[in-house]
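Number of protein chains: 2
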Amino acid sequence: MDQVRIIEIKEGVFEQNNQKAQELRDSLKQEKVFLLNLMSAPGSGKTTTLVQTIKGLQDEMKIGIMEADIDSDVDARTIQQTGARVVQLHTGGMCHLDAEMTRQGIDALGREDLDLIVLENVGNLVCPAEFDTGSTKNAMILSVPEGDDKPLKYPLMFAVADVVLVNKMDVAEHFDFDLERFKDNVRLRNPEAIILPISARTGEGMEPWLDWLRQQIERQQ
Amino acid sequence: MDQVRIIEIKEGVFEQNNQKAQELRDSLKQEKVFLLNLMSAPGSGKTTTLVQTIKGLQDEMKIGIMEADIDSDVDARTIQQTGARVVQLHTGGMCHLDAEMTRQGIDALGREDLDLIVLENVGNLVCPAEFDTGSTKNAMILSVPEGDDKPLKYPLMFAVADVVLVNKMDVAEHFDFDLERFKDNVRLRNPEAIILPISARTGEGMEPWLDWLRQQIERQQ
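So the protein lines, in turn, are chains A and B.
Sequence positions in the first sequence follow our numbering and run -16 to 204.
Sequence positions in the second sequence follow our numbering and run -16 to 204.
This is chain A alone, in the form it adopts within the complex (with noise of 0.2 Å):
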């Protein structure tokens, strides 16, 4: 397996970050690459969605992806197996990115040929919601273990996804989560995100995931 890439990236300063995020998403939007900004606590799921969706989309697209992590590079190496383009972010102890970080992120991977470029956040939920990446969508994954009240203590975080994949649908029996109540308590910090079950183990609910990701991406063409 080839090296994979890994870059240590420099926090930007705090106060420019929003005026460095938007225009990072205006350069994007002129140059017609979608830049998701996906996000979640440790555990979630994160990777194995980004694999799924990757193989669901990569026929149509050419997909770049920004494996985010304090360290080790153990994402980046399961997603260098779809044969999507992958770069290794360290965050240097930081538990989020800000627009200057992506924006370096981005120039080490190349956008020129890509249509869609997926930025694999720190998983947490609190720090990354509270910086703009620059990102076009904000798409969060809430996995069914973590329990359905988390809108409740997390709020910032469901407040500025666009979209809230449910993951690990396949366990919900096992497990005390209300699928209502979830929504519910989502809808009370932002009743316009989008919620979608899945289960990208098995594949479940995948295509009105790539669905949504599909019409995003044509709007930025």
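A couple of the hints might just be wrong.
Treat identical chains as interchangeable: a pair holds within one or across any two.
[Unchecked claim] Derived SDA-like pairs (lysine to any residue); straight-line CA-CA distance at most 20 Å:
(1) 166 / 57
(2) 120 / 180
(3) 166 / 55
(4) 15 / 98
(5) 12 / 66
(6) 12 / 175
(7) 166 / 54
(8) 45 / 8
(9) 45 / 198
(10) 3 / 54
(11) 38 / 162
(12) 15 / 34
Calculated directly from the structure, the hints in this document are not laboratory data.
Based on these hints, arrange chain B on the given structure of chain A.
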């Protein structure tokens, strides 16, 4: 049900944190109060584990709980039903507690008559590990659905943990989780960590955990 007390806490100066943490730890030792800092990702089962822990120990000692969250008081309400004294700490959007915030929480809770105080930290595998809270010992929970690779991706959290509880063992058969591989990964970060498999839901494995706590608390007396 009584109203849950909600304390809005303010962040201390980062540079002074280590010193303040040591001062808090020393003063708790003098007063024979054991402070446990309980950390995990969102949805790992901190509150359920805490309820079981309180039930197992409350006939032997006096227990106070500090619930730290960005928002909501759902966990404090759950804890309140056990009869333990509890305060809810709101971190003002921050993803961690430092020693000064912890001290403010303990002052609000009152420490005079307590043997054990547990700080249920913000659900997050990154930031809480970076700040010494002044705790006597650090415990963390990793739940089976999160995966056995997490010590590779969140090294500091596993490095600072004195004990690692592996929760949700009752559903292990439904996940690709290898306990031995997990132990190996933990040991890469922390050869000294005690690793205890539990199910807070079924009560499986709680006795070794309670025994560990009893021994630690005894040393503080």
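Inset, instruction - Just pull the numbers of the violated hints for me, sorted ascending. - result: Per hint list: 5, 6, 10, 11, 12 violated.
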